[in-house]
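Undergrad: Here's the letter readout for the chains.
2 protein chains.
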Amino acid sequence: MSVLAWIIYDITEDKPRNKVAKLLKKSGLFRVQKSVFLGKLNSSRFDELGEQCLELINEKTDSVYLFPFCQEDFRNIKVLGQGFDKKLVNDEILAMFF
Amino acid sequence: MSVLAWIIYDITEDKPRNKVAKLLKKSGLFRVQKSVFLGKLNSSRFDELGEQCLELINEKTDSVYLFPFCQEDFRNIKVLGQGFDKKLVNDEILAMFF
Numbered sequence: 006m007s008v009l010a011w012i013i014y015d016i017t018e019d020k021p022r023n024k025v026a027k028l029l030k031k032s033g034l035f036r037v038q039k040s041v042f043l044g045k046l047n048s049s050r051f052d053e054l055g056e057q058c059l060e061l062i063n064e065k066t067d068s069v070y071l072f073p074f075c076q077e078d079f080r081n082i083k084v085l086g087q088g089f090d091k092k093l094v095n096d097e098i099l100a101m102f103f
Numbered sequence: 006m007s008v009l010a011w012i013i014y015d016i017t018e019d020k021p022r023n024k025v026a027k028l029l030k031k032s033g034l035f036r037v038q039k040s041v042f043l044g045k046l047n048s049s050r051f052d053e054l055g056e057q058c059l060e061l062i063n064e065k066t067d068s069v070y071l072f073p074f075c076q077e078d079f080r081n082i083k084v085l086g087q088g089f090d091k092k093l094v095n096d097e098i099l100a101m102f103f
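Protein sequences appear in the order of chains A and B.
The opening residue of the first sequence carries number 6 in the working numbering; numbering runs sequentially from there.
The opening residue of the second sequence carries number 6 in the working numbering; numbering runs sequentially from there.
These are calculated hints, taken from the structure and not from any lab test.
Incorrect hints may appear among the rest.
Pairs count within a copy or across copies, as identical chains cannot be separated in the list.
[What the hints assert, rightly or not] EDC-like cross-link-like pairs, simulated, lysine to aspartate or glutamate; straight-line CA separation at most 16 Å:
1. 83 to 53
2. 92 to 19
3. 20 to 96
4. 83 to 56
5. 83 to 52
6. 30 to 53
7. 45 to 78
8. 65 to 18
9. 83 to 60
10. 91 to 64
11. 27 to 96
12. 24 to 77
13. 91 to 53
14. 83 to 64
15. 91 to 18
16. 92 to 77
17. 91 to 60
18. 92 to 78
19. 65 to 52
Small disclaimer: the values here were computed from a predicted structure and weren't measured.
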């Protein structure tokens with residue numbers, strides 16, 4: 006089974022932040038904002054990604070949210086303002102999800 | 006019908022940011038991080054809240070994500086590190102949702 010995943014993080018130090026971004030990219034997710042990734046994952050990969058992020062961050066200062074969506078919930082997401090950074094995400098990518 | 010809503014924002018100026026926080030609080034949502042709210046809303050209130058946030062923010066600089074979850078998706082959310090700020094959210098509130 007696959008989920009549509011949004012992952013949002015707030016990581017203080019550059020090094021772990023870059024590592025998390027690299028990990029998410031390598032997992033096939035698309036960067037839609039500086040600290041926001043979006044994409045399709047199978048459920049076990051979603052769980053695994055949570056564990057991998059946990060290993061990279063400092064739990065005392067950083068936070069990561071991993072949000073899984075079924076198709077129906079996904080359709081009802083609202084993104085206002087600069088939620089999609091035009092420099093990072095193009096129409097082709099958006100058309101894959103919306 | 007009601008949804009479990011997570012709302013995450015990145016708003017540059019203090020004034021609109023405070024107004025959005027006040028609006029979310031008034032809507033019965035709980036603040037779980039500086040810029041993250043969580044709670045139960047009926048679907049029409051969820052839609053309305055999106056419109057109200059849009060009126061308050063600067064669409065050129067700010068972003069707001071309104072994420073709706075069914076019970077099943079909600080159960081699979083992963084919050085790592087400081088996703089729940091202990092100063093803002095107590096066990097009683099968390100027990101309402103998890």
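Undergrad: Compare the structure with the hints numbered earlier in the document and write down the numbers of the violated ones, lowest to highest.
TA: Checked against the structure, the hints that fail are numbers 2, 3, 11, 12, 13, 15, 16, 17, 18 and 19, while the rest are satisfied.
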